[in-house]
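> Taken in order, these protein sequences are the chains called A and B.
Going by our numbering, the first residue of the first sequence is number 9, and it counts up by one from there.
Going by our numbering, the first residue of the second sequence is number 9, and it counts up by one from there.
Keep in mind the hints are simulated off the structure, nothing from the lab.
Do not take every clue at face value.
Since copy identity is lost for identical chains, a pair holds within one copy or between any two.
What the hints assert, rightly or not - Heads up, simulated SDA-like pairs for lysine to any residue below, C-alpha to C-alpha not over 25 Å straight-line:
#  : residue 1 : residue 2
1  : 139       : 172
2  : 324       : 276
3  : 324       : 157
4  : 139       : 116
5  : 49        : 80
6  : 139       : 118
7  : 49        : 99
8  : 139       : 114
9  : 139       : 322
10 : 139       : 195
11 : 49        : 228
12 : 139       : 171
13 : 324       : 212
2 protein chains.
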Amino acid sequence: MRKQTDLDHGPGPTIRPLALNVVAGGAGFIGSHLCRALLEKGESVLCLDNLQTSRASNLRALEGHPRFRFMRHDISQPLPAELTRMAPRITRVWNLACAASPPLYQQNPEHTMMTNVVGTNHLLHLAEAAKARFLLTSTSEVYGDPEIHPQAEDYRGHVSCTGPRACYDEGKRAAEALAFDYGRAGRTQVRVARIFNTYGPNMDPNDGRVVSNLICQALRGDELTIYGDGSQTRSFCYVSDMVAGLMALMEADIDGSDPVNLGNPDEMTVNELLGHVLALTGTAARVVHRPLPVDDPRRRRPDISRANEVLGWAPKVPLAEGLEATCAWFAAELAAAKPAAAGFAG
Amino acid sequence: MRKQTDLDHGPGPTIRPLALNVVAGGAGFIGSHLCRALLEKGESVLCLDNLQTSRASNLRALEGHPRFRFMRHDISQPLPAELTRMAPRITRVWNLACAASPPLYQQNPEHTMMTNVVGTNHLLHLAEAAKARFLLTSTSEVYGDPEIHPQAEDYRGHVSCTGPRACYDEGKRAAEALAFDYGRAGRTQVRVARIFNTYGPNMDPNDGRVVSNLICQALRGDELTIYGDGSQTRSFCYVSDMVAGLMALMEADIDGSDPVNLGNPDEMTVNELLGHVLALTGTAARVVHRPLPVDDPRRRRPDISRANEVLGWAPKVPLAEGLEATCAWFAAELAAAKPAAAGFAG
Numbered sequence: 009m010r011k012q013t014d015l016d017h018g019p020g021p022t023i024r025p026l027a028l029n030v031v032a033g034g035a036g037f038i039g040s041h042l043c044r045a046l047l048e049k050g051e052s053v054l055c056l057d058n059l060q061t062s063r064a065s066n067l068r069a070l071e072g073h074p075r076f077r078f079m080r081h082d083i084s085q086p087l088p089a090e091l092t093r094m095a096p097r098i099t100r101v102w103n104l105a106c107a108a109s110p111p112l113y114q115q116n117p118e119h120t121m122m123t124n125v126v127g128t129n130h131l132l133h134l135a136e137a138a139k140a141r142f143l144l145t146s147t148s149e150v151y152g153d154p155e156i157h158p159q160a161e162d163y164r165g166h167v168s169c170t171g172p173r174a175c176y177d178e179g180k181r182a183a184e185a186l187a188f189d190y191g192r193a194g195r196t197q198v199r200v201a202r203i204f205n206t207y208g209p210n211m212d213p214n215d216g217r218v219v220s221n222l223i224c225q226a227l228r229g230d231e232l233t234i235y236g237d238g239s240q241t242r243s244f245c246y247v248s249d250m251v252a253g254l255m256a257l258m259e260a261d262i263d264g265s266d267p268v269n270l271g272n273p274d275e276m277t278v279n280e281l282l283g284h285v286l287a288l289t290g291t292a293a294r295v296v297h298r299p300l301p302v303d304d305p306r307r308r309r310p311d312i313s314r315a316n317e318v319l320g321w322a323p324k325v326p327l328a329e330g331l332e333a334t335c336a337w338f339a340a341e342l343a344a345a346k347p348a349a350a351g352f353a354g
Numbered sequence: 009m010r011k012q013t014d015l016d017h018g019p020g021p022t023i024r025p026l027a028l029n030v031v032a033g034g035a036g037f038i039g040s041h042l043c044r045a046l047l048e049k050g051e052s053v054l055c056l057d058n059l060q061t062s063r064a065s066n067l068r069a070l071e072g073h074p075r076f077r078f079m080r081h082d083i084s085q086p087l088p089a090e091l092t093r094m095a096p097r098i099t100r101v102w103n104l105a106c107a108a109s110p111p112l113y114q115q116n117p118e119h120t121m122m123t124n125v126v127g128t129n130h131l132l133h134l135a136e137a138a139k140a141r142f143l144l145t146s147t148s149e150v151y152g153d154p155e156i157h158p159q160a161e162d163y164r165g166h167v168s169c170t171g172p173r174a175c176y177d178e179g180k181r182a183a184e185a186l187a188f189d190y191g192r193a194g195r196t197q198v199r200v201a202r203i204f205n206t207y208g209p210n211m212d213p214n215d216g217r218v219v220s221n222l223i224c225q226a227l228r229g230d231e232l233t234i235y236g237d238g239s240q241t242r243s244f245c246y247v248s249d250m251v252a253g254l255m256a257l258m259e260a261d262i263d264g265s266d267p268v269n270l271g272n273p274d275e276m277t278v279n280e281l282l283g284h285v286l287a288l289t290g291t292a293a294r295v296v297h298r299p300l301p302v303d304d305p306r307r308r309r310p311d312i313s314r315a316n317e318v319l320g321w322a323p324k325v326p327l328a329e330g331l332e333a334t335c336a337w338f339a340a341e342l343a344a345a346k347p348a349a350a351g352f353a354g
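Generate coordinates for the entire structure from the input sequences, incorporating the hints supplied.
Written out as C-alpha cells, the structure is:
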C-alpha cells in the first residue's frame with residue numbers, strides 16, 4: 009500500500025489538494041464508506057487503522073487511488089511522527105476508530121477504553137496542531153438503556169459505569185467530554201455525532217450485530233438467533249445516509265455546539281427485522297432464542313430534530329432497499345471462496 | 009525527603025513490613041489522613057503525589073517516619089521504574105489522586121481526564137503486577153445532579169458528559185469501568201468507594217469547597233459566599249469517618265462486588281451549614297449570593313445501606329464536633345505567618 013502518491017510529495021509541481029482528511033478507523037464499516045465519499049468529493053484521505061476489527065478488504069477499491077493513503081496504526085499509541093509532521097496540511101480529523109460490537113470491544117476492555125480516551129486525545133492534539141476541524145463519532149450507547157423515547161441529545165442517559173459494556177459506553181462519554189473541553193478552550197473546532205444503529209455493505213459478518221447476524225445466518229441456512237423474545241426495538245440507518253450526515257455535520261457552521269444524533273428514527277422490533285430478513289432471503293431455517301446480554305438496551309430510537317434543523321439532514325434510504333443491497337453484498341462476500349483481506353499490505 | 013528507611017532496604021536484616029501501601033494522592037486532604045492512619049496501624053506507606061492541588065505540608069507530621077516515604081510523581085505519566093521494581097513487596101494500592109474541586113479540576117480538563125483514566129490504569133497495572141488489592145476513590149459526582157434521593161449504588165446517575173464538570177465526573181465513571189473490568193478478568197482485586205462530601209483538617213483553604221470557603225471567609229472576616237439561594241443540600245462527612253470507611257472497604261472480603269457509597273447521610277441545606285459556621289465563628293460578616301455554577305447538583309445524600317451491611321460502617325462524628333475541629337485547624341493555618349509547605353522537599 010505504501011506507494012508514491014500526491015500525499016507523499018513535499019513542495020513540488022503537484023497541485024496540493026485543498027482538503028486533507030485524516031480518517032481514523034477508515035478501514036471499518038462506516039469509515040470505509042466515508043473514505044470513499046471524501047475521495048469522490050475530490051478530497052485527499054489519509055486512513056489510519058489498526059485493522060483490529062476493521063477489514064483491509066473494505067479498502068480494496070480505494071487502493072491505488074492517487075489521493076488515498078493507508079497508514080496502519082493504533083490510535084491508543086502515540087501518533088507516528090510521519091503523521092504529525094503532516095499537520096500543516098491536514099484540514100479535517102475524523103475519529104471513527106473503535107471496535108463497536110459488544111463481543112469484540114469486550115475482548116480487551118482496557119484497550120477499548122484507551123482507544124476511546126487516549127486515542128481521541130491523540131487525534132484532538134493532532135487537530136489542534138493542524139488547526140483542523142475534528143469530528144468524533146460517538147454513539148447512541150452514551151444513552152445506555154434509555155428511560156425516555158426517543159432519545160434527544162440533552163438526555164443524560166442511563167448507563168451502568170460498572171458493567172461489561174462500560175468500557176465502550178463510558179469510553180465514548182469520556183471522549184465526548186474531552187472533545188467538548190477542547191472546543192470550549194478554543195483549542196480546536198469540534199463536532200460530535202452520536203451514531204445510532206447503522207447497516208450496509210462492508211459490515212463485518214462476524215461482529216455480532218443483529219442485522220449482519222440474521223442476514224448471514226439466513227444466507228448460510230443456519231439457525232437464526234434472536235436474543236431475548238425479540239420485542240426489543242432498534243432503528244436501522246443505511247450507511248450512505250449515515251455518511252451523508254457525518255459529512256454535513258463536519259462542514260456545518262455550528263461551532264461550540266452540542267452533540268448531534270444521527271440515525272434513522274424508524275423504530276422496529278427485532279422480530280420485525282427478522283420478518284424482513286426471512287422474506288428477503290426466503291430461508292426456511294428455524295429461529296432460536298438466547299438470553300439477552302447484560303445491559304442490552306430494550307429500546308433505541310433517535311430524536312433527529314437537531315440534525316434536521318442544523319444540518320437539514322434526514323435518512324432517505326428505505327429499509328427494504330437498504331436490506332436488499334446489504335443482503336446482496338453479504339451473499340457476494342460469503343460466495344467468495346477465501347476472504348480477500350490477506351492481499352492487502354497496509 | 010529521600011532518606012534511608014526500611015522501605016529502601018533490599019534483602020537484609022531489616023524485618024520486612026507485612027503491608028506496603030502505595031497511596032496515590034497521599035498528600036491530598038483525605039490521602040494525608042489515610043497515610044497517617046495506615047502508619048498508625050503499623051503498616052508501611054509509599055505516598056505518590058504530584059503536589060498539583062495537594063499540599064506537601066499535609067505530610068509534615070509524617071516526614072521522617074521510618075515506614076513512610078514520599079515520591080513526587082504524576083500518575084497520568086508512566087510510573088517510575090523505581091516504583092514498579094517494588095511491586096513484589098506492594099500489598100495495597102490506593103488511588104486517591106485527582107484534583108477534586110471544580111475550579112481546580114477545570115483548570116486543565118485534559119489532565120483531569122488523563123489522571124482519572126490513564127492514571128488509574130497505571131495503578132491498576134501496578135496492582136496487577138504486585139498481586140495487590142486496588143482501591144479506587146470514586147465520587148458521588150458519578151451520580152451527577154441526581155434525580156433520586158438518597159442515591160444508592162445502583163442508581164445510574166444523571167451526568168452531563170458534555171459540560172464543564174464532565175472531565176471529572178466522566179473521568180471517574182471511566183475509572184470505575186476500568187477497575188471493574190480488571191476485577192471481572194481476575195487481573196486484580198478491586199474496591200471502589202464513591203466518596204460524598206468530606207471535610208476536616210488538611211482541606212485546601214483555597215479549593216473552593218463550601219465548608220472550607222465559609223469557614224475561611226468567616227475566620228478572615230470576609231463576606232460569606234453562598235452560590236444560588238443556599239437551598240441546595242449537601243451531606244458532610246468528617247474525614248476520620250471517611251478514612252475508617254476506606255480502610256474497612258479495602259480489607260473487606262467482598263471480591264467481585266459493586267461500588268460502595270461512603271458519606272454521611274445527614275443532609276442539610278447550604279444555608280443550614282452557614283448557620284453552623286456563623287454560630288461557631290461568631291463572625292458578623294455579611295452574606296453575598298452568587299449564581300450557581302453550571303451543572304451544580306441541587307441535592308446530594310448518600311444511601312449508605314451497603315456500607316452498613318457489608319462493612320458494618322457508619323459515620324460517627326457529629327457535625328458540630330467535626331466543624332469545631334475543622335475551624336480550629338483553619339484558624340491555626342491562617343494564623344501561621346507563612347505557608348509551611350515550602351520547607352518540604354518531595
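> State for each hint whether it applies.
Verification of the hints:
1. 139 - 172: Between copies only: 22 Å across chains, 37 Å inside a chain, cut-off 25 Å.
2. 324 - 276: So residue 324 and residue 276 pass the 25 Å test inside one copy only (17 Å; across, 54 Å).
3. 324 - 157: Within one copy only: 22 Å inside, 44 Å across.
4. 139 - 116: Between copies only: 20 Å across chains, 33 Å inside a chain, cut-off 25 Å.
5. 49 - 80: Classified as within: same-chain Cα gap 24 Å, cross-chain 52 Å, threshold 25 Å.
6. 139 - 118: between (30 Å within a copy, 18 Å between copies)
7. 49 - 99: Within. Shortest intra-copy distance 14 Å satisfies the 25 Å Cα cut-off; inter-copy 58 Å does not.
8. 139 - 114: between (34 Å within a copy, 23 Å between copies)
9. 139 - 322: Close neither inside one copy (30 Å) nor across copies (53 Å); limit 25 Å.
10. 139 - 195: Classified as within; 8 Å inside a copy, 41 Å across copies.
11. 49 - 228: neither (37 Å within a copy, 65 Å between copies)
12. 139 - 171: between (37 Å within a copy, 23 Å between copies)
13. 324 - 212: The answer is within: 23 Å in one copy meets 25 Å, while 57 Å across copies does not.
Against the hints set out earlier in the document, violations occur for numbers 9, 11.
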